[in-house]
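Q: Chains as they are written, first to last, in this note's numbering: chain A, 256 to 739; chain W, 13 to 313.
Just to be clear, a hint being listed does not mean it is correct.
Unchecked claim - A short, non-exhaustive set of chain W residues, derived as facing chain A with CB atoms under 8 Å:
id, residue
1, Trp82
2, Arg96
3, Val148
4, Gly152
5, Cys241
6, Arg309
Think of the hints as simulated: they come from the structure by calculation, not from any bench. The C-beta atom is built at its ideal place from N, Cα and C for all residues, glycine as well.
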Amino acid sequence: MSMLEKSVKYVDERLGAASFARTALRKVFPDHWSFLLGEIALFCLVVLIFTGVFLTFFYTPDARLLTYEGAYAPLRGQEISAAYESTLRLSFEVRAGLIMRQTHHWAALVFVAAIVIHLCRVFFTGAFRRPRELNWVIGVVLLLLAMAEGLTGYSLPDDLLSGIGLRIVNAVVLAIPVVGTWIASLLFGGEFPAPDIISRLFVFHVMLLPALLLGLVGLHIAILVLQKHTQFPGPGRTERNVVGKRLWPEQTFKSVALLLFTTAVLAGMGGLAQINPVWQYGPYEPFNVTSPAQPDWYIGFLDGALRLAGPWRFQVFGYEISELFWPAIVVPGIAFGILTLWPWLERRLTKDRAEHHLLDRPRDAPMRTAIGAAGLWMFFVMFLEGGNDIFGVLLDVSVESITRVLQVAFVVGPVAIGAATYFICRSLKTSQLHPARANAGLSLRRTAAGGYETTPLDPTPDGHADETRPAAPVPASEGRPSAP
Amino acid sequence: MDDGQRRDRAGGELTGEQRRAERRIAVALAVTTLCGIALFVVYFRGGQTQVEGTLFAAAFLSLGYAVAVWAEKLLDAREVSEDRHELTSGPAGRQALEDALGEEAGPVLRHPRRSFLVKLLAAAGGALGLALFLPVLSLGPAPGRTLFETGWRKGKKVVDENGKAVAFDELPDDGYLTVFPEGEVGRSDSQALLIKVPRGTLRLPADRLAAVPGGTHVAYSKICTHAGCPVGLYRAQTRSLICPCHQSQFDVLNGCKPYFGPAAEPLPQLPLSVDSEGNLVAEGDFFAPVGPSFWNRGRKP
Numbered sequence: 256m257s258m259l260e261k262s263v264k265y266v267d268e269r270l271g272a273a274s275f276a277r278t279a280l281r282k283v284f285p286d287h288w289s290f291l292l293g294e295i296a297l298f299c300l301v302v303l304i305f306t307g308v309f310l311t312f313f314y315t316p317d318a319r320l321l322t323y324e325g326a327y328a329p330l331r332g333q334e335i336s337a338a339y340e341s342t343l344r345l346s347f348e349v350r351a352g353l354i355m356r357q358t359h360h361w362a363a364l365v366f367v368a369a370i371v372i373h374l375c376r377v378f379f380t381g382a383f384r385r386p387r388e389l390n391w392v393i394g395v396v397l398l399l400l401a402m403a404e405g406l407t408g409y410s411l412p413d414d415l416l417s418g419i420g421l422r423i424v425n426a427v428v429l430a431i432p433v434v435g436t437w438i439a440s441l442l443f444g445g446e447f448p449a450p451d452i453i454s455r456l457f458v459f460h461v462m463l464l465p466a467l468l469l470g471l472v473g474l475h476i477a478i479l480v481l482q483k484h485t486q487f488p489g490p491g492r493t494e495r496n497v498v499g500k501r502l503w504p505e506q507t508f509k510s511v512a513l514l515l516f517t518t519a520v521l522a523g524m525g526g527l528a529q530i531n532p533v534w535q536y537g538p539y540e541p542f543n544v545t546s547p548a549q550p551d552w553y554i555g556f557l558d559g560a561l562r563l564a565g566p567w568r569f570q571v572f573g574y575e576i577s578e579l580f581w582p583a584i585v586v587p588g589i590a591f592g593i594l595t596l597w598p599w600l601e602r603r604l605t606k607d608r609a610e611h612h613l614l615d616r617p618r619d620a621p622m623r624t625a626i627g628a629a630g631l632w633m634f635f636v637m638f639l640e641g642g643n644d645i646f647g648v649l650l651d652v653s654v655e656s657i658t659r660v661l662q663v664a665f666v667v668g669p670v671a672i673g674a675a676t677y678f679i680c681r682s683l684k685t686s687q688l689h690p691a692r693a694n695a696g697l698s699l700r701r702t703a704a705g706g707y708e709t710t711p712l713d714p715t716p717d718g719h720a721d722e723t724r725p726a727a728p729v730p731a732s733e734g735r736p737s738a739p
Numbered sequence: 013m014d015d016g017q018r019r020d021r022a023g024g025e026l027t028g029e030q031r032r033a034e035r036r037i038a039v040a041l042a043v044t045t046l047c048g049i050a051l052f053v054v055y056f057r058g059g060q061t062q063v064e065g066t067l068f069a070a071a072f073l074s075l076g077y078a079v080a081v082w083a084e085k086l087l088d089a090r091e092v093s094e095d096r097h098e099l100t101s102g103p104a105g106r107q108a109l110e111d112a113l114g115e116e117a118g119p120v121l122r123h124p125r126r127s128f129l130v131k132l133l134a135a136a137g138g139a140l141g142l143a144l145f146l147p148v149l150s151l152g153p154a155p156g157r158t159l160f161e162t163g164w165r166k167g168k169k170v171v172d173e174n175g176k177a178v179a180f181d182e183l184p185d186d187g188y189l190t191v192f193p194e195g196e197v198g199r200s201d202s203q204a205l206l207i208k209v210p211r212g213t214l215r216l217p218a219d220r221l222a223a224v225p226g227g228t229h230v231a232y233s234k235i236c237t238h239a240g241c242p243v244g245l246y247r248a249q250t251r252s253l254i255c256p257c258h259q260s261q262f263d264v265l266n267g268c269k270p271y272f273g274p275a276a277e278p279l280p281q282l283p284l285s286v287d288s289e290g291n292l293v294a295e296g297d298f299f300a301p302v303g304p305s306f307w308n309r310g311r312k313p
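Given these sequences and hints, build the entire structure.
A: In structure tokens:
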């Protein structure tokens with residue numbers, strides 16, 4: 256008996272898993288590059304777990320002060336927290352510690368980026384439509400959890416930059432109407448800066464949030480398997496089937512290759528590209544500040560919203576509504592509210608309650624694409640404003656003018672971008688042309704009924720028309736030459 | 013074993029293209045192996061972050077390349093179509109589940125709405141649920157007065173970051189200094205900026221101006237009223253304080269009122285005077301609660 260035969264027999268006789276495993280391995284997944292975005296996020300998570308576990312072996316979640324006597328000379332003799340000291344030791348004295356720390360940080364940035372791009376893919380192709388609404392909501396929650404993981408993670412080293420970040424988070428919590436004062440006191444363990452916050456962030460970062468994150472990732476994938484993947488329209492592809500490659504061997508090999516490529520990029524960046532050099536910022540002192548100060552990219556839009564907003568504070572019956580309430584609570588609340596409820600909001604607009612397993616191209620749903628583009632624009636403007644001090648220096652323009660321009664862009668831009676997107680989508684939908692590729696011309700055919708029909712030719716990669724691969728036929732009535 | 017026999021076993025059915033792919037995979041796997049060995053050497057010679065990064069990247073890249081070429085050329089890949097099955101269990105299936113949950117689960121669950129037990133169960137669950145939430149209150153003290161008070165009291169000496177008392181004649185013109193109450197250097201809510209401005213330039217109400225020794229030494233809270241960052245940048249030409257976090261700008265001569273950016277409230281002023289030794293002392297706490305807004309800020313307990 257071969258080794259394979261023996262192991263299959265052993266497992267099957269004990270678990271009866273052979274026929275189930277065979278079905279699972281023969282499961283079909285459609286092929287498209289954009290379906291790999293979610294996988295990249297998943298593989299970043301794998302890298303995050305491995306590097307993160309290594310980091311926990313060295314990190315000390317403790318705000319108690321000690322005198323630094325480690326390898327980094329400029330800080331020797333200074334009173335710093337045990338958390339900051341352990342981060343420095345991990346970076347300078349633990350062999351392979353710095354590459355692990357930097358790879359972890361890069362992986363976190365790419366993780367959130369991959370989630371966001373994956374979300375855009377799902378949004379603009381309409382993959383969230385029935386029956387996938389629940390998985391869409393799980394995906395939005397995963398994005399929020401990933402952002403929270405990032406925020407709690409980069410606050411752990413207790414350096415000056417992260418301390419300022421926490422100070423702002425504290426102010427945002429204080430701005431929650433009615434209960435903000437209490438929540439801030441409970442969450443931070445008293446008036447800022449209370450020493451307990453570091454150990455609490457650690458519990459959130461390595462226990463509570465990862466448990467939720469991993470549980471929901473499991474659910475996200477389980478639902479995907481149960482419902483089968485969506486696919487783009489094409490020859491032989493219908494709402495009732497799924498055309499693609501099997502899990503074993505093709506998809507497994509491809510996914511393993513993608514896992515290895517992702518790890519290669521992250522490890523390369525972790526070794527070669529410096530990130531978050533906490534020793535340059537110095538330890539957190541509540542009366543010191545660095546400038547310019549930017550959070551990690553996925554928090555940038557929130558920081559930008561804070562800079563973009565006006566001084567809108569007022570009192571109601573002697574109670575105060577903070578100027579932070581609008582940009583830090585109302586705006587993200589509305590944005591993530593719309594995002595979460597989008598499958599139901601779109602159903603209201605389109606009255607489309609049918610199941611969809613074939614994907615749209617963005618042009619196929621002009622209204623959805625327009626709203627998505629407007630939303631992305633607002634996100635982008637907030638993100639830019641988060642770096643207004645950097646752009647001020649780079650462009651030699653005053654921060655005030657940048658803020659004013661972006662305030663206008665935030666209000667006017669979405670309407671302009673939305674309208675432009677809508678009309679571009681509509682014209683692409685009627686012309687059936689590819690927005691980037693050259694127009695390959697139309698093929699004109701006599702139909703059996705005696706009329707004519709036209710079909711746009713799909714250009715081959717070298718730009719010539721390929722008559723063997725006609726795109727979706729246009730109904731004869733819409734073709735330009737109409738037959739008598 | 014001769015050459016021909018081996019080819020029969022491993023590569024008898026390989027096309028020319030597949031043989032070339034096999035060679036590419038072999039080279040890639042060799043690179044991975046070499047990188048792995050090199051990582052050993054680097055690690056045991058003390059480690060070097062950039063070299064480690066390069067070797068890790070090269071190792072994973074070559075291994076990934078090997079797997080990708082394998083997937084592309086050496087698998088029996090074909091596009092197949094699989095039918096989607098109905099997701100729903102149908103009305104009968106749903107009815108069976110409802111029966112299992114209700115009808116077949118005993119007399120009370122058959123008609124839960126009519127049962128007082130179910131209502132009591134909800135009440136019990138609610139009470140216990142709220143009680144289980146109580147330990148959360150141990151996470152922090154009641155906010156109480158903490159946000160309204162700082163370390164400043166009448167008669168507290170003004171000291172610098174090193175705990176040294178600040179003399180009235182110490183600051184140069186347009187000089188500024190971060191100060192704390194004596195014995196509480198570094199205390200976050202008590203940090204203040206002492207700024208020397210030319211006499212007669214301050215535009216303050218009379219009672220506030222009386223708390224500025226010599227009409228020149230004015231002190232404001234250093235915590236931004238917007239999001240709590242230290243307002244660390246002083247621009248002497250315009251006599252303005254700028255918060256580096258969100259660029260709120262405060263007019264020092266006009267009571268530190270914000271004139272650009274998201275901050276809505278002035279930086280609270282710290283009342284000062286000069287003691288018999290010529291050192292600056294506080295005349296009391298700040299004129300208003302320091303730091304960012306909070307719900308009950310207008311209602312001191």
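Q: All the hints need checking, so say for each whether the structure fits it.
A: Do the hints match the structure? See the list:
1. A distance limit of 8 Å between C-beta atoms decides the matter here; for Trp82/W the minimum to chain A is near 6 Å, and the interface restraint holds.
2. With a least beta-carbon distance of about 6 Å to chain A, the hint placing Arg96/W at the interface is held under the 8 Å criterion.
3. Hint status for Val148/W: holds, given a least beta-carbon distance of 7 Å to chain A, under 8 Å.
4. Among the interface hints, the one on Gly152/W holds; its C-beta lies about 4 Å from the nearest C-beta in chain A, closer than the 8 Å criterion.
5. For the restraint placing Cys241/W at the interface with chain A, the shortest Cβ-Cβ distance is roughly 6 Å, inside the 8 Å limit, so the hint holds.
6. Proximity of Arg309/W to chain A holds as hinted, the smallest CB-CB distance being about 5 Å (cut-off 8 Å).
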